[in-house]
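Sequence positions in the sequence shown follow our numbering and run 15 to 165.
Fair warning: there could be bad hints in the mix.
As the list claims (entries may be wrong) - Here are the simulated distance ranges between beta carbons:
1. P139 - S89: 17 to 27 angstroms
2. Q112 - A143: 35 to 45 angstroms
3. Q55 - Y129: 30 to 40 angstroms
4. Q57 - T16: 16 to 26 angstroms
5. T62 - A143: 31 to 41 angstroms
Keep in mind the hints are simulated off the structure, nothing from the lab. Here a beta-carbon is modelled for each residue, glycine too, at the ideal position from N, C-alpha and C.
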Amino acid sequence: MTLPLLIIAIGNESRGDDALAPLLVRQLQTSESAELIEDFQLQVEHVTDLMGRCAVLFVDADMSCAPPFHFSWISAAQDNSYTSHAMTPFALLHTFKQVYGSDAPPCFLLRVRGYGFELGDDLSPEASANLRQATAMANRWLADMVAKLSD
Numbered sequence: 015m016t017l018p019l020l021i022i023a024i025g026n027e028s029r030g031d032d033a034l035a036p037l038l039v040r041q042l043q044t045s046e047s048a049e050l051i052e053d054f055q056l057q058v059e060h061v062t063d064l065m066g067r068c069a070v071l072f073v074d075a076d077m078s079c080a081p082p083f084h085f086s087w088i089s090a091a092q093d094n095s096y097t098s099h100a101m102t103p104f105a106l107l108h109t110f111k112q113v114y115g116s117d118a119p120p121c122f123l124l125r126v127r128g129y130g131f132e133l134g135d136d137l138s139p140e141a142s143a144n145l146r147q148a149t150a151m152a153n154r155w156l157a158d159m160v161a162k163l164s165d
């Protein structure tokens, strides 16, 4: 059975602040309405995970957003990542439309500000503070989506 909500955490715990997304999803309040997926990077195969969902949240660490995080609704866009081994959420949504002939479910991106991504680094103190605030935001999103499903 496909659960109505999907949260995909993108990150590598061996690379310092790139661990933000996996750590965040492990702290989310559990919900029988949401499936949680952790992966190092988005692949074209993830397009099948979007099928049959009411909403999707992608979570990723990002060096370019303002702290503590940036939350946004996203839509399909073809970019250079569609031909690589790793894709952006935008390219994944574009691929969904190509494969299934329709738009993906409503999708959101939570980018958590990270600072250091070197192999073997620990989570930075600044990223840890951002993680707490981003986790609270993700829990609010999840609660709002569950409430909408109940309406």
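A quick look at each hint next to the structure:
1. At about 35 angstroms, the CB distance of P139 to S89 disagrees with the hint of 17 to 27 angstroms.
2. Take Q112 and A143: their Cβ atoms lie about 40 angstroms apart, and the range 35 to 45 angstroms holds.
3. For Q55 paired with Y129, a C-beta distance near 20 angstroms fails the hint of 30 to 40 angstroms.
4. A hinted range of 16 to 26 angstroms for the beta carbons of Q57 and T16 is consistent with their spacing of about 19 angstroms.
5. Distance hint check for T62 and A143: the Cβ-Cβ separation is about 36 angstroms, which falls inside the suggested range of 31 to 41 angstroms.
The structure is inconsistent with the numbered hints 1, 3, although it conforms to all the rest.
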